[in-house]
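*Asks:* Taking our numbering, the leading residue of the sequence shown gets 16, the next gets one more, and so forth.
These aren't lab readings, by the way, just hints derived from the structure by calculation.
Just so it is clear, CB atoms sit at the ideal spot from N, CA and C, and this is done for glycine as well.
Wrong hints could be hidden among the right ones.
Below 27 Å or equal to it, Euclidean Cα-Cα: the simulated BS3-like pairs (lysine-lysine) are [as the list claims (entries may be wrong)]:
1) K135 / K125
2) K158 / K125
3) K68 / K166
4) K166 / K93
5) K182 / K68
6) K182 / K100
7) K93 / K68
8) K124 / K166
9) K63 / K125
10) K135 / K166
11) K68 / K287
12) K158 / K124
13) K158 / K287
14) K182 / K287
15) K93 / K63
16) K287 / K125
17) K182 / K158
18) K166 / K287
19) K158 / K63
20) K158 / K93
21) K125 / K93
22) K100 / K166
23) K124 / K182
24) K124 / K100
25) K135 / K124
26) K125 / K68
27) K135 / K100
28) K100 / K63
29) K93 / K182
Computed beta-carbon distance windows for the label pairs [said to hold, decoys possible]:
30) H137 / E290: 26 to 34 Å
31) W275 / D147: 20 to 28 Å
32) Q246 / D90: 23 to 31 Å
33) Y282 / G214: 39 to 47 Å
34) L136 / A203: 18 to 26 Å
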Amino acid sequence: MPVAYTIQPTYAIDDASLLETDLTNCTLLVLIGAGTFSYAVMLPMSRKFLALKSYSYQPKTVALADLEMIEHIFDADKLLFTAFKQVLLAFDSPDNTLVPEVHYQSQLKKDYLRAVLPEKLHEAVLTDTLQDLGMVNVFAVDKDVLGFLRKEFSTDQVIHAHSALLKAYQADRDIWYPEGVAYVEVAAQQFTLTIYASGRLQMQQQYTYRSGLDIVYYIVNSMRQLGFAEQQARIKLGGALTQDSQVYQELNRFLPRLEWVHKPDGYLYIPKMNELPPHHFHNLYALALCV
């Protein structure tokens, strides 16, 4: 007899305003990461976030493929079948590279990616144009997962999560700090490091880690290679971290100028969202800047 698998959200945040709103006027922001599937519902007319839900399916279910777990989420979460006005899919993966727009040629998009990353089976190569930066973000996603989500949501709007982070960082005046500012978006077993100085993007890269000391190493090594001193640079953290977490404590031992990122300005958040630390789900909220 087949065994039914039930998956429960790690976070489920909403209030009465969700039921009082015509969701066919709303935008659904979906973020797919390594072992995570998160989404937020936003009403564009009032720029208000109405709901947030996040699922995590690793390491307990590491034997199951991502697509199978996402199918389980759809079986459990009927809100995903709402006929939203707009759906934006974002993939958070290390399979991406930034190419200066002046040198980009669309027929070579796979070659740009293969120059820095090995090819994977069943991948689709896509691009985001970042006009403010004069860059094109070339990225690869699993073709089967992409096809399933495009069909279920009836959408062709797909971006890379790093593109949304860059839009959020561009709106932060701290990127003009001359001694360098490192943005660190931390997830389970991986983090994205983005460094600015004097308003210019210096680098963006995703790494895997096992402890906070690994993150410290990558930050320090990257800052020094770029000619900045990690003791003077500002380090701004995003992700599900607290000051009591082991990762934060290890970062704090070696990096004296730790700060938290904040939710994007110019949006309304329901009270339960404001009860969370402002750096939680920064990467999910940042997707609103891309619609």
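*Asks:* The structure should be examined with respect to each hint, and the outcome stated for every one.
*Replies:* Against the structure, the hints:
1. K135 / K125: holds (11 Å)
2. K158 / K125: holds (14 Å)
3. K68 / K166: holds (21 Å)
4. K166 / K93: holds (16 Å)
5. K182 / K68: holds (22 Å)
6. K182 / K100: Within the cut-off at roughly 23 Å; holds.
7. K93 / K68: The given pair, whose Cα atoms are some 12 Å apart, holds under the 27 Å limit.
8. K124 / K166: Holds, because 24 Å separates the two Cα atoms, which is no more than 27 Å.
9. K63 / K125: violated (38 Å)
10. K135 / K166: holds (22 Å)
11. K68 / K287: holds (12 Å)
12. K158 / K124: holds (16 Å)
13. K158 / K287: violated (35 Å)
14. K182 / K287: Within the cut-off at roughly 25 Å; holds.
15. K93 / K63: Judged against 27 Å, a Cα distance of about 22 Å means the pair holds.
16. K287 / K125: violated (42 Å)
17. K182 / K158: Between K182 and K158 the Cα gap is close to 26 Å, so the pair holds against 27 Å.
18. K166 / K287: violated (32 Å)
19. K158 / K63: Measuring from Cα to Cα gives roughly 32 Å; hence the hint is violated.
20. K158 / K93: holds (24 Å)
21. K125 / K93: This hinted pair is violated, its Cα atoms lying about 36 Å apart.
22. K100 / K166: Holds, at roughly 15 Å.
23. K124 / K182: Roughly 22 Å between the alpha carbons, so the hint for K124 and K182 holds.
24. K124 / K100: violated (31 Å)
25. K135 / K124: holds (15 Å)
26. K125 / K68: violated (33 Å)
27. K135 / K100: Since the Cα atoms of K135 and K100 sit roughly 33 Å apart, the hinted pair is violated (cutoff 27 Å).
28. K100 / K63: holds (15 Å)
29. K93 / K182: Since the Cα atoms of K93 and K182 sit roughly 31 Å apart, the hinted pair is violated (cutoff 27 Å).
30. H137 / E290: 26 to 34 Å: Since H137 and E290 have Cβ atoms about 40 Å apart, the given range 26 to 34 Å is violated.
31. W275 / D147: 20 to 28 Å: Distance hint for W275, D147 holds at roughly 24 Å.
32. Q246 / D90: 23 to 31 Å: violated (51 Å)
33. Y282 / G214: 39 to 47 Å: About 24 Å separates the Cβ atoms of Y282 and G214, which means 39 to 47 Å is violated.
34. L136 / A203: 18 to 26 Å: holds (24 Å)
Hint compliance for this structure: hints 9, 13, 16, 18, 19, 21, 24, 26, 27, 29, 30, 32, 33 are broken, all remaining hints hold.
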